[in-house]
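Chemist: Below, each chain spelled out in residue letters.
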Amino acid sequence: MPAGARKLVGKVRHGDRALAAATVGAAVIILGMLAIILLDVIVGGARTISWEFISQPPRKGMTEGGIFPAIFGTVALTLLMTIAAVPAGVATAIYLTEYASMQSRVARLVRVSVANLAGVPSIVFGLFGLGFFISTVGRGIDKVAYGGQSVYGRPCLIWSALTLAILTLPVVVVSTEEAILSVPRELREGSLAVGATRLQTIVRVVLPEALGGILTGTILAVSRGAGEVAPILFTGVAYYLPQLPTNLNDQFMNLGYHVYVLATQSPDVDRTKPLLYGTAFVLLVLTFLLNLIAIYIRSRSRKRSRASA
Amino acid sequence: MASQTTTRIRITRERSSRSLRRQGGLGERFIELAIRAVALVSIASILLILLFVGKEALPLITSGEVHREVTLGSMFAPIQTANDMAYVWQPVSETPKYNVLPLIVGSLKVTLVALVFAVPLSVGAAVYVSEYAGPRAREIVKPAIELLAGIPSVVVGFFALIVLASWVQKVFTTEHRLNSLVAGLGLSFAICPIVFSVSEDALRAVPRSYREAALAMGSTRAQTVLKVVLPAAAPGIAAAIVLGFGRAIGETMIVVIASGNAALLDFSLDRSARTITATIAQELGEVVVGSPHYSVLFALGAMLFLATFVVNFFGERIVHGMRRRLGTVS
Chain S
1 MPAGARKLVG KVRHGDRALA AATVGAAVII LGMLAIILLD VIVGGARTIS WEFISQPPRK
61 GMTEGGIFPA IFGTVALTLL MTIAAVPAGV ATAIYLTEYA SMQSRVARLV RVSVANLAGV
121 PSIVFGLFGL GFFISTVGRG IDKVAYGGQS VYGRPCLIWS ALTLAILTLP VVVVSTEEAI
181 LSVPRELREG SLAVGATRLQ TIVRVVLPEA LGGILTGTIL AVSRGAGEVA PILFTGVAYY
241 LPQLPTNLND QFMNLGYHVY VLATQSPDVD RTKPLLYGTA FVLLVLTFLL NLIAIYIRSR
301 SRKRSRASA
Chain F
1 MASQTTTRIR ITRERSSRSL RRQGGLGERF IELAIRAVAL VSIASILLIL LFVGKEALPL
61 ITSGEVHREV TLGSMFAPIQ TANDMAYVWQ PVSETPKYNV LPLIVGSLKV TLVALVFAVP
121 LSVGAAVYVS EYAGPRAREI VKPAIELLAG IPSVVVGFFA LIVLASWVQK VFTTEHRLNS
181 LVAGLGLSFA ICPIVFSVSE DALRAVPRSY REAALAMGST RAQTVLKVVL PAAAPGIAAA
241 IVLGFGRAIG ETMIVVIASG NAALLDFSLD RSARTITATI AQELGEVVVG SPHYSVLFAL
301 GAMLFLATFV VNFFGERIVH GMRRRLGTVS
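From first to last, the protein sequence lines are chains S and F. Per this note's numbering, residue 1 is the first one in the first sequence, and the count goes up by one each step. Per this note's numbering, residue 1 is the first one in the second sequence, and the count goes up by one each step.
So that you can see chain S by itself, here it is in the shape it has in the complex (with noise of 0.2 angstroms):
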């Protein structure tokens, strides 16, 4: 080989080494700051962490006892969300992929919501909360049935959990869907031909062939509503209640929101980030683990569909 053609190959693989190297490079960042972000939380949380943390209410404003109430509360929270949120998900995703004719108008009108859904911004949810189910949908339950006392027409428990609600809707859709659709033809045939009525064949072979994706869809969609902190802001959520929340109607409180408050607004910092630091690590937890469960059964029901398809 001339020496001026292997110079030339000397440099391309350099440069071949290099755009590697870059590349490579960039995962390994955003792979550490993953690591960086999970190992603070861990490390400074773990020192908290205690059983009277977990059970506890707070103490001697917000700087000792434990964080039970906003534990329960979002628990309550997602919950309420869940009830709410997954049916009408999983109804959608039915429609859109076993009613819908392919050139259905409302069905892409449908698909465009559900992604423009996804893409507003949670602080526009908080003011929707207050704008309509607050000022309109509660205070009209008011005025219909408590003669104008506010009942229903004031932050609550139930209003954010709807607010969440639509806020979750694409997750639950989206997964929903990606399952119905991995469904094999043939399955659905086949119960067709035996005879099964459309219905039966959705509820019968097509939906448990799908439930891993509708799990997948559920629990990112509980993590993703135990996560936010914006749209509650307003509808219902408080700093500190003496009482749990036992009716639909009462305020609540929230692990997001205790980071919030505690991280923005703590007269004394120094004594408050250790339960800064207790608060978010369960927050951290709990939405993680949820994250990790949902990748794991994604993850193997794609296998198992891959194998039998």
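To be clear, the hints were calculated from the coordinates, so they are not data collected in a lab. The hints are all genuine.
Simulated crosslink set (DSSO-like; lysine-lysine; CA at most 30 angstroms straight-line):
#, chain 1, residue 1, chain 2, residue 2
1, F, Lys55, F, Lys97
2, F, Lys170, S, Lys273
3, S, Lys303, F, Lys142
4, S, Lys143, F, Lys55
5, F, Lys227, F, Lys142
6, S, Lys60, S, Lys273
Quick look at which bits of chain F chain S covers, simulated, 3 or more residues with Cβ under 8 angstroms:
#, stretch
7, 112-123
8, 221-234
The following residues of chain S were derived to be distant from chain F, with all beta-carbon distances above 10 angstroms:
#, residue
9, Trp51
10, Ala145
11, Gly147
12, Ile158
13, Pro242
14, Leu248
15, Arg300
Since the model is a prediction, treat every value here as computed from it, not as a measurement. From the three backbone atoms N, C-alpha and C, an ideal C-beta is built for every residue, glycine too.
With chain S's structure known, arrange chain F on it following the hints.
Modeler: Relative to chain S, chain F alone:
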């Protein structure tokens, strides 16, 4: 496999015992109708959001009482002060000042910082995953990066406040601990996953034959990536950046915790900034319902909604257009 078989058996049994009609009965029709109705919830939600956020902002245009304090025009016009013209956001003062320019600049500043950090990293990582990584590495790296999206933004904000702020102060010796740089860095955590995912999708949508043709003509791998694959995927990567922008401009909790929140018209990165989202988050809780301030905050929300709507619309369109061109419509 087993569950499929039992399902089939069950259906067969059903058929012999109950109904032979393929068309369902009244109950089935009702359930189908219910499913179709529920599917409309997402359309209704988008419309209701637009309607009700707009409705609370409307007095800004229609109400004479609000106009005595602020109009849509005065939100963008400079305010005459004793010796100067100024752009000031001071809604709670003797004469409330509602100039939104400082907030818009604040939002753009923080978003830009986030994009500058997140885009090269995310696109680089996407190139790695789609072009270089083996199937093993791919299956670990991809979900791991997407896991970053699973961290609640309030936790990222907290991390930015406690850790990133200290680093930035040490490295750049900034005067103010909380500033646009810290908030932007925090934001980049939130937008890396979306920019990565969309870019990676775009790269993977480039047909294999493009790469094979380039390699067959003697290109190196780097040349193939830089001159063939990336140009072909460019619209998709542009869409990823656009979608990342939309996500960043609408993000609330990270910036409200880490930006410092001073509403000054200021273009430097080492000073405190206040974004549109943070303004809504901080002020709406303390404002009288129906007051001019209340309407202005809803107007900010409506602006934000429309901005992200447009951004996302174009982002999605670019992605679809590219897929159609490459013949990989999914």
